[in-house]
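S.K.: So the chains spell out like this:
2 protein chains.
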Amino acid sequence: MGDNKTLLIGVDLGGTNMRVGMVTSDGRMVHRLILPTRVTLGLDKVVERIIKAIQEVINQTIVPGNQIKGIGIGSPGTIDIQSGIIISSPNFPKWKQVPLKHMIEEKLSIPTFMDNDANAFAFGEKWVGAGKEVQSLVCLTLGTGVGGGIILNGRIWHGADGMAAEIGHMTVLPDGLKCNCGNYGCLESYASASSIVRRVCNAIQSGKLTMVLDYAKGNLENITSDLVYQAALKGDELAIHIMNETATFLGIGIANLINLLNPEMIVVGGGLTNAWDIIYPVTLKEVQKRALSEMAKRVKIVRASLGDNSGIIGAAGIAYFNLI
Amino acid sequence: MGDNKTLLIGVDLGGTNMRVGMVTSDGRMVHRLILPTRVTLGLDKVVERIIKAIQEVINQTIVPGNQIKGIGIGSPGTIDIQSGIIISSPNFPKWKQVPLKHMIEEKLSIPTFMDNDANAFAFGEKWVGAGKEVQSLVCLTLGTGVGGGIILNGRIWHGADGMAAEIGHMTVLPDGLKCNCGNYGCLESYASASSIVRRVCNAIQSGKLTMVLDYAKGNLENITSDLVYQAALKGDELAIHIMNETATFLGIGIANLINLLNPEMIVVGGGLTNAWDIIYPVTLKEVQKRALSEMAKRVKIVRASLGDNSGIIGAAGIAYFNLI
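Those sequence lines, one after another, are chains A and B. Just so we're on the same page, our numbering is the position in the first sequence counted from 1, plus 8. Just so we're on the same page, our numbering is the position in the second sequence counted from 1, plus 8.
The following block holds chain A by itself, in its conformation from the complex (with noise of 0.2 Å):
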C-alpha cells in the first residue's frame, strides 16, 4: 500500500501541544516536530505556527524527487469535514467557524483535510496501528477528556453532522457525577486523566489518607492521574478503589459499544493507558460480564499501539485517503 515517494503532512492540532509529522503513503512518519500551540497569541498568530512548523518538517526532511501531496489536520472540536472548518472547540474557546483548510491552503498551495482529533487517533490506528489488520474497530482516547472513533468498513464513521463518536458523552451513571458537558454521569466523568484527579481531590478534602497527596508533596494543584496509578501500584486504598471504578466504568462504556456496534476491536489510547496494566483486567472483567457472550468472545480489546504519534498518523491518512 502507497509508494515512498508520495508524502504526506499530518498535523495533530492539541490545545497544549502541536504535532506535525512527515508520513510516508504506508503509514510511516520518517520526521516531526511537537511545539506548543500558545492559544493565547490569538487564531492568526496560531496558523502563522502551523504553517511554519509545517514548513521547518519539509525543509528538513524532503529529498530531490519526493513531493508533499497533502495535508492532513487533526482538531479538537466540532469540525465541519467538507468545508475544513473548525465550527467550535472546547480546547479554543475562542475559535468560531475557523476556516483552517482555506488558511492553509491559501499559504502552502497543498490539499488541506481536516477531521477531529479522535477520528485522526481512530484512522492512524486502524491504518498502520493496533487496528490494521481489521476492518471495524472503536477507538477511546483518554486523556484530560474521553475521545472516540468509530470506523467501519475501514472508513470513518461521522454520522449525520460530522459529529459522531462522542463517546466521552455516553451516559454509564445517570445520576452520576457532573461532567464538563453539563450533563451528569458521562463516560468522561469516570474514565478521563482529570476525572481521577478530581475525584482524587474531592476524597482527600472530605478527609481520606492516601499516599498520593505525599507524593504530590502535600499540594492538591500535583496531583496526576499518573501519581493515583503508582499509589494503586504500591496498594494504596483509594488509589485503588479510583482506578478500579474507572476501569469498571470504562468497561460499561466499551460492553455498550460492543452490544451496538459488534466491532472486531476496541483500541484505547491517550495517557491513562500508562496505567493499562492495572486498568485493563478489570475492565475486561466489565466487559465479559455486560457484552453478549458471542460478541464479547470475538472482539479484541487492545491497547493502541502508535503512541502519541496516531493521531499525526491518522491526520496524514486521512489527507492521503482522500487524495488517492
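Wrong hints could be hidden among the right ones.
Note: identical chains are not told apart, hence a pair may lie in one copy or across any two.
[Unchecked claim] Each computed DSS-like pair below joins lysine-lysine, with the alpha-carbon atoms no more than 30 Å apart:
| hint | residue 1 | residue 2 |
| --- | --- | --- |
| 1 | K297 | K308 |
| 2 | K297 | K102 |
| 3 | K104 | K60 |
| 4 | K140 | K77 |
| 5 | K216 | K242 |
| 6 | K297 | K186 |
| 7 | K293 | K13 |
| 8 | K293 | K186 |
| 9 | K77 | K186 |
| 10 | K305 | K242 |
| 11 | K305 | K186 |
| 12 | K102 | K186 |
| 13 | K60 | K293 |
| 14 | K102 | K305 |
| 15 | K60 | K77 |
In case anyone wonders, no lab produced these hints; they're calculated from the structure. Values in this document were obtained by computation on a predicted structure and should not be read as measured data.
Fit chain B to the given chain A structure using the hints.
M.R.: Relative to the frame of chain A, chain B by itself:
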C-alpha cells in the same frame, strides 16, 4: 424505485405469530396473512407452516405476468446472514443452527434471504416508512423485549458477526434491575412491555395501591403494559411513575445512540408505542438533557409509521435489495 411487476414475499417470523406478506418492489404490501407460529410443534412443522403460508399468499394474489423474485425472512435471534442460518434464538429455544434459507429454497425454488427481525423492521421503516427520506437512522422496537436496528448510509449495519444493534442490552443503570440476559440495568429491563408489567407487579406485591389491579380484575396475571398505560392516563400514581421511568431510561438510551452515531433519525416502534403520547415528552426531555446539543437539535425522534407491517415489508426489501 421498483416496478410493480416484481413481487417479493416478506416473512416476519415471531415467537407467537408469523406474518407473511406480498410486497411490491416499491415497498407496498398488497396482501398478508397472520397465523400462529406454533413453536411447540417442532422445527419441521413450523417450516412447513411458513412454506404453506407463503404459497397461500402467492395463490391469493399473483396475477399472470408477475413473478415472485425473492423471499425475505426476519427472525428473532442471532442470524448468520450469509448462509441464512438461525444460529440461536431466545424465541425458539430448541432451534440451533437452523438452515432456514436452504429449507425454504429447496421447497420453493425462490431465492431467500434472512436477517434479524429488528433489522428487518428498521429496514422497512427506512425503505418506505418513517425514515424513507433519511440515510442514517437507529430503530428501537419496544415489545416483550427491546430490539434494535442501525441503518448507516442507507444500509443495515450488521457488525463484524451480524450481531450488531443489541440496543436492548445497552447498560443504562449499572446496578439496575436484572435483565433476561443475566446482566443488570439493561435498557430492556426498563423500556420493554414485559419490564413494565414486572415492575408494576412487584410494586403491587410490596403493597402499593394502583387502579391497574382493578383493571386486571384483581389478577396479577392479567396485567399488561397497556393496562398500565390506561391507568397512567387516568392519573394513577404508580402507573405514571412506571411509565415516566420507562420513558426516562428510553431517553438515556436514545441520547447515547445520538452521541455515538449522530444519526438523522431515531425511529421507535413496537407495542409500547401505543403509549407514545405519554412516553414521548418525557423521553424527549431526557434526550435534550443528555445528547450533545448540535446532534440533539437535528435528530428527529419519531414513531414507526408502518405499524405491524414494518417487519414484513423490511424483510421483503432486504430480499429485493440483495437481488437488484
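S.K.: Look at each hint and say if it fits the structure.
M.R.: Against the structure, the hints come out as follows:
1. K297 x K308: within (15 Å within a copy, 33 Å between copies)
2. K297 x K102: between (43 Å within a copy, 25 Å between copies)
3. K104 x K60: within (23 Å within a copy, 63 Å between copies)
4. K140 x K77: For K140 and K77, the Cα distance is within 30 Å only inside one copy (23 Å; across copies 40 Å).
5. K216 x K242: Within. Shortest intra-copy distance 17 Å satisfies the 30 Å Cα cut-off; inter-copy 50 Å does not.
6. K297 x K186: Classified as both: same-chain Cα gap 26 Å, cross-chain 12 Å, threshold 30 Å.
7. K293 x K13: neither (46 Å within a copy, 54 Å between copies)
8. K293 x K186: Intra 26 Å, inter 18 Å, cutoff 30 Å: intra and inter.
9. K77 x K186: neither (44 Å within a copy, 55 Å between copies)
10. K305 x K242: Classified as neither; 32 Å inside a copy, 48 Å across copies.
11. K305 x K186: between (33 Å within a copy, 22 Å between copies)
12. K102 x K186: Within one copy only: 24 Å inside, 47 Å across.
13. K60 x K293: neither (47 Å within a copy, 48 Å between copies)
14. K102 x K305: between (46 Å within a copy, 23 Å between copies)
15. K60 x K77: within (18 Å within a copy, 62 Å between copies)
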